[in-house]
Each structure stands twice: as structure tokens, then as C-alpha cells.
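Participant: Below, each chain spelled out in residue letters.
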Amino acid sequence: MANQADSAVLARGIIKQYMNGTFTALDNISMELNEKQIVAFIGPSGCGKTTMLRLISGLEYPTSGHLTTFGQSIQGPGPDRGMIFQAYTSFPWLTAQGNIEYGMKIMGVSKTERRSKAMEFLKLVHLEKFKDSYPNSLSGGMKQRVAIARTLAQNPRVLLMDEPFGALDAQVRWEMQEMMIEVIERENKTVIMVTHDIQEAIYLADRIIFFTRQPGRIKADMILEFKNGRRFAHKEELISQPGYVDAERRLFSMMREEIQTAA
Amino acid sequence: MEGSGKTVGGAESSAAAFQPKERFFELRHVPSGRWTVVLGIIGALTFFGLWEIGHYMTPESGRRFLPSVEQVVGKLIFLYTDKGFLYDVAISCMRIFGSFLAASLIAVPLGIAMGCFANMKALVNPTVSGWRYLPAASFIPLLLVWFGPTETAKMGLLFLGVIFFLVAMVLDNTEAVENALIEAALTMGASRSQVVLGVVVPAAAPAIIDSMRTMIAVGWTYLVIAEIVGAQDGIGAVMMRAGRFLNVDIIMAGILMIGILGVLTDILFRVLQRILFPWNVARRA
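These protein sequence lines are chains A and B, in that order. Basically my numbering = 1-based index in the first sequence + 5. Basically my numbering = 1-based index in the second sequence + 38.
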């Protein structure tokens, strides 16, 4: 068994119940997620993948089980686990730059350092021209880039993403996915993302954990071996890899199984 | 773009784009800023026109009970120039703004606390909700027994008439703040006080100012009732005194004045909204 302190996330026998135990969202989940890995939680709607992410974020607590991040028991949210939400969470009363500075301000970073860091991360998400714009004047994709930059500026050890591109239209979503690969590579981050988009999972993730529906259990835990540990700047490159179609087919049939057993 | 719903003619007519008919009752059509002003003026002129017609349709003997627009406006100017009306207006404004400030200082923090903490809401809401159903005017006898015909009694009535509704509205405004904003701040490591002061308050602030704008209008509607309470001064007192002598023109001048002050208060809050929250303007959907 690996040293607990080395695992970005270590879960043992996680159970999460709602409504006084009458509804089980997660049933005996165990997993060990490594540092610098991109892991995607995937599964049909209502399979508990978002619940698992929220437990890791500390916004909710498991009913029972053991959950740690780098050996530390998770006892609430913290900037070591930055989270990006599906809903637009950039603060409308702050400019793009103000938003990015907000997280650093919470951490007590000095004003001059905040300013220079904010510029660096604005550049990273290609928003330097919009530093003084308020979110209400930005498009959905730009708002989401502000949220990503704000989270990254806190330098979290783990980046959590809950269907971050779910509210975006297909073209913007694709642009964001490619930008995300670039950003994750540059920042060398550990990432855990929730998605129900199979192609997004294959494109971004090194490893995919598939959840079943009601109660949420792990159906499959697969390393995308055909990628050979590589990440692709362009989606076309990935699709032309031998093994891509096979991985996609496997995930689609798993998804079909889950949907049919529920019906 | 060419209209493609119905096509008429051949290639020659393709240059002329289809022009939809302009209709007054166009569904959800947003008129231009200029046209909005024009329509507003037309509406107001219609109102004053009907009033004027009403005046001249009334038999000569009864006309003093429905004075004309120019008589009322003339009376209003006369009140200012000869009767020191400015003092009464100032006193009334002071009562409205003073009592409203006091009500806001309690209602806004309380409403925010209730909207942030469900325990606070459970503690306070049942008690506060009941008060909203009590007519403020029913407190007049009580206020008179407690305070006599004093300034406290008048301000107290205006205060009671506004505060319970304002609490409920601020509570709603606070609860309407998206959970995702709060959770985002928590995951960035914000403490509870940082979330309340740094996220909930700025997120709810524009809606709260809007609620205050609505509730100060209600305050104005209570003014005359409050100034019946043994008042010597104020717009309401001037109107009540005029009523005793059947001086309808002064009563209507008072109503007109309150209306003007109400509109000015509304504009004040809107300007405040624009200055305080420049970010709250959607430039792109």
C-alpha cells in the first residue's frame, strides 16, 4: 500500500446518505487518486459523481468512511482544493482582475503580488484585454475563464471541476477544453473533474472512474492506456490515435447499460 | 437579411428586404428611449386633460370641489411664496427619511442575517411575519397614549408601517443570492464573516436598494395618516387643516406635492443604484 500522504485523494468505504438514511447517494466508494493526474468522474445523471466531488471539496461530509487529501483528513473546504463550478461563479461586482485577486486576498497575499499574479493568470486564460471588464459584460466562456484563473491563482494542490463547461455551447466548450489542457500542462496540476460528456472525459483525462446510478458505486476504473500518458493540444490528434474509438465505444456501452437498467 | 417567410416576385424584387408592419400592440416589443419618453408624456397629458375636462364639465356651483389643474398648481406656488410651505415640505421629508433610515438600520442587517442563517430565520420570522398583517394606522391610538402628539409618535408610525415589510423583502433578496457564489468563496477559503460581508452583501445589495426604493414609497403613502396625529406642521397637517375649511385646491396641491416628492425619491434611489453598482448593467447577454 502506498504512503497515504502521497495520494492526492484517498477514499475508503465512503457512504453518503440523504434524508435520514433513506436515500443512498454513494455506497462504499474507495479510490486512490495520484498527484499530477487528471481524473474524470463519469456516469449517468444522478449517479453521485458530483456528490463525490463535493465530499472531496469539503462542502459536504460523508455519512461514513475515511477521506483524506495528501494524508490530511478533509474537514471542510479550503484553498488547497480549488473548485470550479458549472454555474458562473465569477463575482459580478468585481472586474475580471478583481475576481482573480479575490482568492489571493483571502489568503493574505500582498497587494503588489496580487496585482502581478492576476496579470499572469489573466494572460494564461487569454483575458488580459478584459482585465477591467465586469462579468456582466463578458460571455459565458469568458466568465468561466475568470473563475478558472481565480482558482488557479490560489495555487491549489488539487483542482476540482464540476461540469465546468456544461453551460457552454459546443464550440466554446471545445475551445475551453483545449485551453484547459494547455493550462493544466503549464501549471502541472492534479485535476478531478466531473462530466457526463464521454468525449470530454477521454480528451482531458488520464484516468476515468465510471459511477453507477442509485446507489452510486464504481462500475469501472480505467487508465486511458492508448494515450500513453500523453495529452493532446488538438482534439483531432487525439481522435486519430489508435485505441481512441475503442475507449469511446466501451464508455458508450457502459453508459447504455446504466441507462437501460434504470429504465 | 431578407424575409424568407413569404416570397413575392422574381429575382428583381429580391433587393427590397421585407419590412414588418409597425404595430402599437407589438408583443414584447421594446420601444426606443425617445419613444418611451414621448409615450410617458402623452399618458400624463391625457390624465391632466381628463382632469381639466372634469373641471369644466362640473356645474359652476360645484367647481371649487374639483379645481382645475392651473388652479391647483397656482395654489401650490402660492403656498410656497406666501404660506411658508417649504418648511412643511422640509419637515415632512425629514420625517420620512428619518423614520426610513431608522427602519433600514434595523431591517437590512436583520434581513441579511435571516437570509444567511436559517436558525436566525426560524427564530425571528414567525414573530415578524404576523406584524405585516397589522394595519399601521391601528397603532395610532397606542402611539398617542404612549408618546402624545409628539414627533416620536409620527416617526413611530412611519417606522412601523415600513419595517416589517422591509425585513421580509431583504430576507428574500438575501436568499436569492446564488448558492454557487457562496460555495465558490468557501472553497477559496473564505471564513463565514468574509462570505457574508464580501459575497452575500455585495451580491444582494442592488436588490436591497430596490426593495428600499419600493418601501420608501410606502412610507410616503403613510405620511398624511402620520401627520393627522396632532401635527402642527408638515404637508399632511396643511392638508388636514384645509379639509376642515373645504379648501379642495390646497388638499389637491398637497397630494400633487407628495406625488412630486415621491417621484423625486424614486429617481434619487435609481441614481444611487447606478452610482453604487456600475457593474449591475448587462451589456451583453
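Any given hint could be a false lead.
[Said to hold, decoys possible] Cβ-to-Cβ under 7 Å is the rule here; a few derived chain A residues that face chain B:
1) Pro-67
2) Gly-70
3) Ser-78
4) Ile-79
5) Gly-83
6) Pro-84
7) Phe-90
8) Thr-94
9) Pro-97
10) Trp-98
11) Ile-111
12) Gly-113
13) Tyr-139
14) Met-184
It is worth saying that the hints were derived from the structure and are not from the lab. Ideal Cβ positions, reconstructed from N, Cα and C, are used throughout, including at glycine.
Participant: Now tell me, hint by hint, if it's right for this structure.
Facilitator: Hint by hint, here is what the structure shows:
1. Evaluation of the Pro-67(A) hint against chain B yields a violated restraint, the C-beta minimum of about 17 Å exceeding 7 Å.
2. At its closest, the beta carbon of Gly-70(A) sits 21 Å from a beta carbon of chain B; the interface hint therefore is violated under the 7 Å criterion.
3. With its C-beta approaching chain B no nearer than about 17 Å, Ser-78(A) sits outside the 7 Å limit, and its interface hint is violated.
4. Interface hint status for Ile-79(A): violated, as the beta-carbon distance to the closest one in chain B is roughly 12 Å, over 7 Å.
5. Residue-level restraint check for Gly-83(A) holds (minimum Cβ-Cβ distance to chain B is 5 Å; threshold 7 Å).
6. With 7 Å as the threshold, the beta carbon of Pro-84(A) comes within range of chain B, its nearest partner Cβ sitting at about 4 Å, so the hint holds.
7. Contact between Phe-90(A) and chain B, as hinted, is supported at the beta carbon level, the nearest pair being about 5 Å apart and thus within 7 Å.
8. For Thr-94(A), the interface hint holds, the least distance from its beta-carbon to any beta-carbon of chain B being 4 Å, beneath 7 Å.
9. A least Cβ separation of about 6 Å between Pro-97(A) and chain B falls short of the 7 Å threshold, and the interface hint therefore holds.
10. Against a cut-off of 7 Å between C-beta atoms, the interface hint on Trp-98(A) holds, since the closest Cβ of chain B lies about 4 Å away.
11. Taking 7 Å as the C-beta cut-off, the interface hint given for Ile-111(A) holds, the closest approach to chain B being about 5 Å.
12. Proximity of Gly-113(A) to chain B is violated relative to the hint, the smallest CB-CB distance being about 10 Å (cut-off 7 Å).
13. Hint status for Tyr-139(A): holds, given a least beta-carbon distance of 4 Å to chain B, under 7 Å.
14. Taking 7 Å as the C-beta contact cut-off toward chain B, the hint placing Met-184(A) at the interface is violated, the least distance being around 20 Å.
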